[in-house]
Structure formats: C-alpha cells, structure tokens
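These are the residues of each chain, in order.
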Amino acid sequence: MDISEKLRILSDSAKYDVSCSSSGSSRANTPGGVGNAATAGICHSFTADGRCISLLKILLTNYCIFDCAYCVNRLSNDVERAAFTPDEVADLTINFYRRNYIEGLFLSSAIISNPNHTMELLIQTAKKLRNTYNFNGYIHMKAIPGADEALIKEAGELVDRMSINIELPSNDSLKLLAPQKTKVNILTPMSFIKSNIIASREEQSLFKGAPSFVPGGQSTQLIIGATPDSDFKIIKLSENLYNHMNLKRVYYSAYIPVSTNPKLVNIKNSPLLREHRLYQADWLLRFYDFKADELLNSTNSSLNLNFDPKTDWALRNMDKFPLEINSARYKDLLRIPGIGVTCVKRIYRARKVHSLNFEDLKKLGVMLKRAQYFITCKGKYSGDVPFKENLIYSRLSPRFDLNLIESNKNTFEQLSIFPSPFLEKPKIIIPNLIPPPPPKPVSLLDF
Amino acid sequence: MEAVTQMDKYISYLYDGSFYGLLTVIYESYYSHSVPTDISIDTKVVNPQQSFLNDCKLITTDYEKAERVYNAIQTKIGQESLEQVYHALLSDVKGKELVIYNYVKLGFKIGKTIDSHLYTEEVSSLRKIVNKVNKEVHLMTGFIRFTYINNFYYSIYEPDHNISELIAPFFADRFADQYFIIHDIKRNVAVIYDTKEWVITSFYKSDLENLKGYNKNLVSGNDICYEKLWKEYFVNVAIKERKNDRQQTLLMPKRYRKNMLETKE
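Protein chains in written order, with the numbering used here: chain A, 1 to 447; chain B, 1 to 265.
Because the hints were derived from the structure by calculation, they are not lab data.
Straight line, CA to CA, 25 Å or less: simulated SDA-like cross-link-like pairs of lysine to any residue:
id: 1; chain 1: A; residue 1: K369; chain 2: B; residue 2: Q247
id: 2; chain 1: A; residue 1: K345; chain 2: A; residue 2: D289
id: 3; chain 1: A; residue 1: K268; chain 2: B; residue 2: I239
id: 4; chain 1: A; residue 1: K363; chain 2: B; residue 2: E121
id: 5; chain 1: B; residue 1: K254; chain 2: A; residue 2: G41
None of these values were measured; they are calculated from a predicted model.
With these hints in hand, go ahead and build the complete structure from the sequences.
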C-alpha cells in the first residue's frame, strides 16, 4: 500500500477528532533545528467544513482491538484498514512542515495488539521527529488508556500536548457503548499527566533546563448527541475537568452517525447548533468567570438554542441590569451579553481617562446589537426598545424558534407518522415571554 | 503641539512614501505651523482636486529632521506608539498618512497614555489600520506555501499590506536551517534568507528564472509527491456532513487562495 493510500485511510479515521489547536506552548527553535511553537497557535488552512487545519492529524493505524459502538474504527466495522510506520509519519510531518503546510503533528492511534505496544509506536514517532530531525514544532499526542505510566511519562517529555478522550459524558453511556473503556481507565492517566505537569513546572522554575512535560497542557473530547446525556451534565463535567484536572481544553464533537448500532440514539442530523452553544458555555466557564450552576440546573438542563448562553443567563437575571459602563466592576462587565474579553479590556482602559458615552463605545469597537439593552452610559439607557423584560426578550429572539426546529428535525425522521405543527403550517413563531417547555421525548409508549 | 491658530496654513504635502519621509513631513508641518489637508506619495496624489486648491508642497526626506521626530515620538509618546505608526505606514489603506499625522499630533498633546484614549477618532482610526496589518501578518504566517526548488524553498504571495519585513523574522526563526525566498508578486519585493540573515530586496519573476538556472524543472520530483499528498489530505479531512462554505470563506478569504497550493486552480 503506498503512502497516498495510507494517508487517505488514516486521515479519514482521524478527522472526527475535533481538537486542532496548536496553542499554549512556546517551544523555541534550537541551533541547527527546525521549527518552533507559537503560543497563540496558527491556522494553516481551512477545510470545506470551515474547520482549521493546524496540525497534520492522522492515526498511526486504525486496526483496533476495541469495539466502541460510536467509533468508526471499531473492530466490528467493515472499513479499510492501514498502518503507517513511525518513520513514514515522521518523514511526512517534516516535509509538510518545511513547506509551511502545518504547525506540527497530531498523532493518535487505534489500539493495535495492546495499549503498551501502541504507546511505544507513538513514542518512536515523536523520538524520530525530535531527535533525528531536530524538530521543534508542535506535537499533540494521544495517551492510550491502559498504557503503563512509564510510557506516558516518556511521551509527555517529547510532546507539547497530550489528550485522552472521554468521548461519552457519563459512566452509564460508557458502559453501554464502550464496554472495554472504563471511567477509571480514562481518569487515572489523566490525573497522572496532571501531576506530572505540575511537577515539571515546579522543577523548571527551580532549575533552568529541567525537562518540560506536556507544556501545552492536556485536553479531551466529548461526543454530543450520541447518548441522552444532558447539557447540564456535560458542562458540569467540563467544569470539574477544568477545576480538578487542570485541563486546557474540552472539545465537543456533535455526533455524526457513523454506525447504526441499536444502542445509539437514532439521529439523522448531527446537533451542530447544540455543539456551538456548548462551546459558548465552555468559553463562559473559562474566560468569563461563570459557574456551570449559573447557566443550567437539573430541572432546566438543556442550553437554550435561541440565545447564546450569556444572553440567556442575562434574560433570566434582568434584576442585575442595566449596568453602568463607567462604574461596573470588571467581572460584571464580562457578564454583559455581546461584549467579549477584548472589549471589556478596552472599556476598562478607556474609562480611566474619560467618562464613556454610547458613541464612544462604538469608537472602541464594541458591538452594541445585544449589549445596548443591558447597559447605561453616564446613567443613560440607549436601547432601541424601553428597558422592559418582555420587549428586550422579543427583540433578541430569532425569527424562528430554533429549539422547536432542531427537535423536530430529528423526531421527524424517526417517526414520520407523528404530526408536527411546524411542518404542516410553516409560520413565524412569536416567542412567548416564557420560553417554550422542552419538547417531550418521543417514544412509542406515549403514543 | 500647539493649538491651531488663525495663522495656520492649509497645505497638501507630497513625500517619497518612506517612513523617514513621513517623519520629515511631520517636522515641516510643525515648524511651519501648517495643517496638512492631504499627505500623499508624490507619484500618486490621493486627492488631486484638493491639492489643486491648496498649496502643494513637496518634502524631501531629511534624516536629521526625521530623527528628531523619531526620538520625540519615542520619548514623549512611547516605543509602542512608534511601532504602531510604523506598522500603519506599511498598510495599503488610503489616507493612512493623515491618520498617522493626527495620531502623532494628539500623542504630543496627551503623552504616554495616548492609547487609553481609544474613544477618540485619532486613536481609533489608527488602531483599525494597525489591526488590519497585524491580522494579515498572523494569517500569512499560516497561509504562506513553500515549493522546494534546487535546494531552496520558494513562496509567492500577494498580501494586501506591505508586510514582508514583518513576516521575515518569524520565518527566519522557524526555518533557520533552510534557504528560502518569500516573494510579494504584487510589489515585486522578496524576503531572501540564507540560513544566517534575511534581507528585503526588489525581486521579479525573471530573477526566479535566473536562480533556477539551467534546470528547467520548476519542482523536483520529490516535491510533486508531497504537494499531491497535501492536496489529497486537504480534501480528505473535511467532514462532508458539516460542509460550511461561509465559515471557510470568512476564515480564509478567497483573495489569498490563489497562491495557496491546496486551493489554487
């Protein structure tokens, strides 16, 4: 099998892993070496689905001994199989890198023979790049659950980022869909990596030249929509991972039906909008000082698709608004819908030398489409409707009720005999003051 | 600088387009108490009608005068502002000189906290231009594509702004051990790096032909292989179920694509 064929098969298998970032590590080039890692990360291209290509993302092999129901590479799936040698991957990476196609390598693998053997092959590849080619670019490597700690330690010293994918947000889902994986099996190496990162940071602050260990931090991925796990459960899990595992990133991947296993939720459309809202909620946790419990709770457990989570939160907490731009605390400015971290910093800086009015905010580049309803400038409210909860609610609502549209999309293709008011009579749904109740799960028993 | 008085004259300035040329303009207008209505490069007058109506003055670059303005900006306004002014001048935005002039003028009045005054027209206009330039620099660190020819790596690109000298240090650091040329075919200049230092020089397509020498093969056989692999990879990693052309265009503007291996026709 030639390289081109292998690349086709093994990039096809790797593409559902959404992590692409090359940020967080600032590895310098060495004399006689090639490459460096930019802290901010660099996108080299964008594919037809609008996602960035930063790293050469491939599997070393897709021969797998596991049989996880949601995975395209599961043992029982009839797909083409291939395997790269570590040398082939290293050669491809360095040649792509020198032509500036990529920022580095994202190397993952199916479990071939056993976890330790797989991990050893991954390490060989990284060693070839770092030691033979003097490569100082970015390497993101998967830690294989179940591999020995010594191997994970060895890998961590070679790479910039490591990740272990949780994939399914609860133990029950894991039991059902990935019987060979367990929570312990995933969380043990994750906390091992965490403690090693902390230890190496300490060492590096004490001795110059102490070896780095996963300087770009670790990340994980959760699959959205393959199981009935709620958004609340998911962001609660993310919050715990950020707080207790020191994770750099949690990625969310809307499930794309790659198999028709009866254990899986039967969906025809992947929940892309839900994925988008989860990312927004994730940003709120990491950069806006929000708590998962503020965004959702066990009774209201799905993100509202009609509004971004910050707007949704603000509409439920109108008593906290409007905020005075010139005197609100920094952390409160961050809570204004439509204003991001960059703009908050600009406002914070400018208001020290000048009392800001509405026009000044435009000069600062602040987007006021949503923010106008939640702020006052020098005591003056300038929203285009009066500061009344119901008026603002309807101004911010999308023309169509996205919650309804999304839920109909899937129920429809499952049960075509079930009538939908939306498809029969396509009309503009005027949102009520109270958001519509979440649609009941459709099952044959209700019928 | 002092406030505008009735004595002030309104003048249209012409300069040579260089950074020191513009600094000389700032010097001249300050000491002649005149307000520039337009500052343009002497070969392409931006607003001929206005130049016709007003006095028009051609400024010859004077390094001594320029240096005094340079030092004044550095000490009175700050190093960061000096860099911003420089980056703004590298942009391709019409009327950038006047924006720079107004910014510097306000800077002399306000001093080191100038960049906190983001709500003013002067600072906000300059920030917009500088952001455009810096954004393009960042994009180009990703979008440049090298082809391997006769032991050196060659790339063509057509940036909106004249950013060659801003991207050069990045590539010289990253590809420290490889000879490369990054050719701006819009401006006929190139960054040339010889594994020790980089220079910016005027460069034409014919220069490339000379460099290639008698070897008529543009690309070595090996390179075609990696180029083919990259193109296939690019198509293959897109997830069909998530197709999103709008997002792709937003993040990778079409005008850059013609020089990128995976997207050019």
